[in-house]
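Model the placement of chains B, C and D on the given structure of chain A, informed by the hints.
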Amino acid sequence: MAKIQTLSEAVAENIKDGDTIAFEGFTHLIPHAAAHEVLRQGRKDLTVIRMTPDIIYDQMIGMGAVKKLVFSFAGNPGVGLLRRLRDAVENQWPRAIEIEEHSHAAMANAYEAGASGLPCAIFRGYRGAELTRVNPNIKFITCPFTGEELAAVPAHRPDVAVIHAQKATKKGDVLIEGITGVQKEAVLAAKRSVVTVEEIVEDFDDVHPNATVLPFWTVTSVVKVPGGAHPSYTQGYYARDNAAYLEWDKISADRETFLEWMREHVMNETPDVFATRVAPLKVQG
Amino acid sequence: MAKIQTLSEAVAENIKDGDTIAFEGFTHLIPHAAAHEVLRQGRKDLTVIRMTPDIIYDQMIGMGAVKKLVFSFAGNPGVGLLRRLRDAVENQWPRAIEIEEHSHAAMANAYEAGASGLPCAIFRGYRGAELTRVNPNIKFITCPFTGEELAAVPAHRPDVAVIHAQKATKKGDVLIEGITGVQKEAVLAAKRSVVTVEEIVEDFDDVHPNATVLPFWTVTSVVKVPGGAHPSYTQGYYARDNAAYLEWDKISADRETFLEWMREHVMNETPDVFATRVAPLKVQG
Amino acid sequence: MTAFTPTEMMTVAAARALKNDDVCFVGIGAPSAACNLARLTHAPDITLIYESGTIGTAPDVLPLSIGDGELCDTALTTVSVPEMFRYWLQGGRITVGFLGGAQLDKFGNINTTVVGDYDKPKVRLPGGGGAPEIAVSCGEIFITMKQSLRGFVDKLDFITSLGHGKGGNDRAAHGVTTKGPTRLITDLAIWEPDPETKEFTVTSLHQGVTREQVSATVGWAAKFAAEVGETPVPTAEELEVLRDLHARTKAAHGGGNE
Amino acid sequence: MTAFTPTEMMTVAAARALKNDDVCFVGIGAPSAACNLARLTHAPDITLIYESGTIGTAPDVLPLSIGDGELCDTALTTVSVPEMFRYWLQGGRITVGFLGGAQLDKFGNINTTVVGDYDKPKVRLPGGGGAPEIAVSCGEIFITMKQSLRGFVDKLDFITSLGHGKGGNDRAAHGVTTKGPTRLITDLAIWEPDPETKEFTVTSLHQGVTREQVSATVGWAAKFAAEVGETPVPTAEELEVLRDLHARTKAAHGGGNE
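Residue numbers (our numbering), protein chains in the order written: chain A, 1 to 285; chain B, 1 to 285; chain C, 1 to 258; chain D, 1 to 258.
Isolated chain A (complex conformation):
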């Protein structure tokens, strides 16, 4: 049953040291505000799952909050490499992190299996790919009807899923529109969930019958954080802040610059700052 809370309450109640957390959002709707609150509350030893770690995990890794990363593509989208992640993997700064690396297909199937209550996913994957050598969580099973070999990976079953969405109702039902990514699956696969939204509305009576909706009883905590996906975007609300993605390449290039930036823009800020960040990026709703 969803509680409507503040971001501070939602993170304090749902995210603990050592938890396995999936922050999801595929280019669109990346839950940056929630991740910043997790850093402010000083969570550590997290196992973080995400198809595309990008800036959100570059920040968490750079701040030393991450023990293990489960992922499939670690780039700064449209810009380049993730420099804090590289520093952690190549130089163990600020700490060593474990890596469990998959393909997108494996990650998407693992979320889907988690949402389906299955222990594993099967798919036609990884043929001739060397990740099978370095990731013991990739196995193969044989189709009992055709004899074909299919790849198998364990289902994702995170302790917590954290996502950003367009709207919630007062009861806590959540609406996701546009590029919906793996967020519905991540929430359904997780034990708990924190959902930040742009706005809270009376009901979804005017919404398309087949829209992507998470009922209130599948969500643990709903928080209104306008702009909470910045610098990614929220369809119908504001555009991607491309300058911030380009700027990140420079900020993250140097440890001190990074730490200074995080102090100023994350550690000493509040969730309210996100609304002001997206103000110049508004689009027609």
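Fair warning: there could be bad hints in the mix.
Below 20 Å or equal to it, Euclidean Cα-Cα: the simulated EDC-like pairs (lysine to aspartate or glutamate) are [claimed, not checked]: (1) B:K139 with A:E148; (2) C:K120 with B:E90; (3) B:K170 with B:D205; (4) A:K282 with D:D73; (5) A:K171 with C:D45; (6) A:K191 with A:E9; (7) B:K170 with D:D21; (8) B:K68 with C:D119; (9) B:K191 with B:D17; (10) A:K3 with C:D21; (11) C:K179 with C:E192; (12) A:K171 with A:D205; (13) B:K3 with D:D22; (14) A:K139 with A:E149; (15) D:K122 with A:E100; (16) C:K179 with B:E148; (17) A:K171 with C:E192; (18) B:K167 with C:D73; (19) B:K171 with D:D45; (20) A:K68 with D:D73.
Okay, the calculated bits of chain A under chain C, using three or more residues with CB under 8 Å as the criterion [said to hold, decoys possible]: (21) 113 to 123; (22) 273 to 282.
Have a look at the derived ranges for each label pair, beta carbon to beta carbon [to be verified]: (23) A:K68 with C:K146: 54 to 62 Å; (24) A:T257 with B:T146: 44 to 52 Å; (25) A:D45 with D:H42: 52 to 60 Å.
I should point out that these hints are in silico values taken from the structure, not numbers from a laboratory. For glycine and all other residues, C-beta sits at the position ideal for the given N, C-alpha and C.
Relative to chain A, chains B, C and D alone:
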């Protein structure tokens, strides 16, 4: 690449004697007009797949067009048993039919696996259920991570999927809204597809971004048949003809009554009759 | 006190067993009436799910089928049937599933497949539909059926869906972790499984029903709990809401049939 | 004749290889420019799919990422990412997939994972993303990359995605039935796999490019087909459409960056 055709052309080009065909539509959007055309063209020895055979397959079985039935629930929805199907199974009239019987979960997963290009589906199913004794297409595999036993069934890969939908574009893109059932999966799992629709429109620019749409290049044949789902319903167009479902219980109770009714209402009719049948059942669009 | 029918008593007793935070997988007939009665009385926030994909539906009239347009129109959202069986049922999100059938045994196993031999059936029944997985994936199962010797049998012709199997720990031995049938609600009584043997025992008789009536309508030696209560009769409000629901349903669907 | 850059030649050559009825899995960068150039010239009905779930998209400007809002706004429909990988990619519906990477070998195997040892990498690259399954599930693969000794290597540090493996029938030996890399389009030439050995051989040199230039920028002994053609230079229309596309893109995205 979809062709926009007449129903007669679509059936003649796509459906052959001996084919395996899935006519789908879950209570909603059942493609009755297309099934009648198949009967008029005298197709035989068909293997027909459908979660809920209901009236559409009761008619095809009663007319002797069916060699084998793959299904999970064979009732007249909200009314009772299917009398032509019973006559075929219990008395081999008008011919003996083979039965491959599954649960809904197995059928839905088998379509999903077919759409996914997989040879089989795995799910947590059939525990303690006796269909495992009589259906050799139910097997079990072991999860390589947890050791849990999971049921496996072969993917559905019909020669042809036949569905009814609300709208198509002039290019042949298809829109399904409301209770979407397994129709998208059936079309994507099939080698060919015939889709009857209520209307053909310019484009889907005003449709919700996450609506259920089959692109024109996934569909073989699109046919405009207003009312083509009668006596089931089309959301936004016309209501279910409940009287027809009740009447079917009487028509199908007797072999001669059945044959006479089929001659008059199916064999000597054309697809145009469906528009007149739904005229009194219209709803606000 | 208002007079009421045994079917009304059965529906009301089933409705009362539902809680405001339940998520129910609803079937057509008595379960649909019971679930919607609960929603319109003591459980306004209950989530009703029909296997057609409609989630959080609140129909004004009872549906004719599990896929009526009314269910979609009033639902929070409608998902595809594969998603319904994968994410929602198998995902373990349903707290209560309703089942019924042509034949029931004393351990809550159900037959809706065939009377007679599977390959040469005397009566070919509709088959399992969602039941085989509803029976094992829902948190618990409520069974609603009218008692009769034809339906309440000592041995099923076919096990369509698992109840407590052969009793005792047999359900767990099948690798099933959910509770299974926790309540059998009939036109005469409420039955609950014995904690050890898992055999259904009568825990409450409906008003005016005798133990003999109960025993005479089941094909096994009926057992009674140490303490057998009397099912509270339907309240005036329960009857009024239920009858209004049926009247609206008749008006809506009857009209279409003329 | 208009002057053009090697990158423009590469993009135009890739665009020309696409047909009107192709269904393309598009990546960011050169593939995105090539696919949209094809759509705006000779292949107006081509279907472009980005792994974010956007199907049949027709962006007016090139996207910054595979999940830009513009892709969703102009798409026929947008599906979830699990559905994209299950129904659309694994379902075998994509005729052409584009790949590129940090390292490529002569059989079209690609590394985008690490430079150096996997456990102690010299450079940790982004990883495979969709590539491992794009490489085996699409009907055929086009590779676009600029030639360099750093990128075109004799031996990959890591095989992220399968091309023709060790050559010959090795791809089929991995249980893969799709064609794999059928075309390598660089800033200097067009390469195609030898029908027997599956080693990439130069089949067409771009205007003004010598065999020596090609050989000097790959880390293996470059092979040339029996007949090596000259790639037709970009037409005025191709260049105009491509440059307009880039100009619109710069105007749209540049504005947001100031």
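Against the structure, the hints:
no. : hint                           : in the structure
1   : B:K139 with A:E148             : holds, 15 Å
2   : C:K120 with B:E90              : holds, 7 Å
3   : B:K170 with B:D205             : holds, 13 Å
4   : A:K282 with D:D73              : holds, 16 Å
5   : A:K171 with C:D45              : holds, 10 Å
6   : A:K191 with A:E9               : holds, 17 Å
7   : B:K170 with D:D21              : holds, 16 Å
8   : B:K68 with C:D119              : holds, 14 Å
9   : B:K191 with B:D17              : holds, 15 Å
10  : A:K3 with C:D21                : holds, 14 Å
11  : C:K179 with C:E192             : holds, 12 Å
12  : A:K171 with A:D205             : holds, 13 Å
13  : B:K3 with D:D22                : holds, 17 Å
14  : A:K139 with A:E149             : holds, 10 Å
15  : D:K122 with A:E100             : holds, 18 Å
16  : C:K179 with B:E148             : holds, 19 Å
17  : A:K171 with C:E192             : violated, 34 Å
18  : B:K167 with C:D73              : holds, 19 Å
19  : B:K171 with D:D45              : holds, 10 Å
20  : A:K68 with D:D73               : violated, 36 Å
21  : 113 to 123                     : holds (count 4)
22  : 273 to 282                     : violated (count 0)
23  : A:K68 with C:K146: 54 to 62 Å  : holds, 57 Å
24  : A:T257 with B:T146: 44 to 52 Å : holds, 45 Å
25  : A:D45 with D:H42: 52 to 60 Å   : holds, 56 Å
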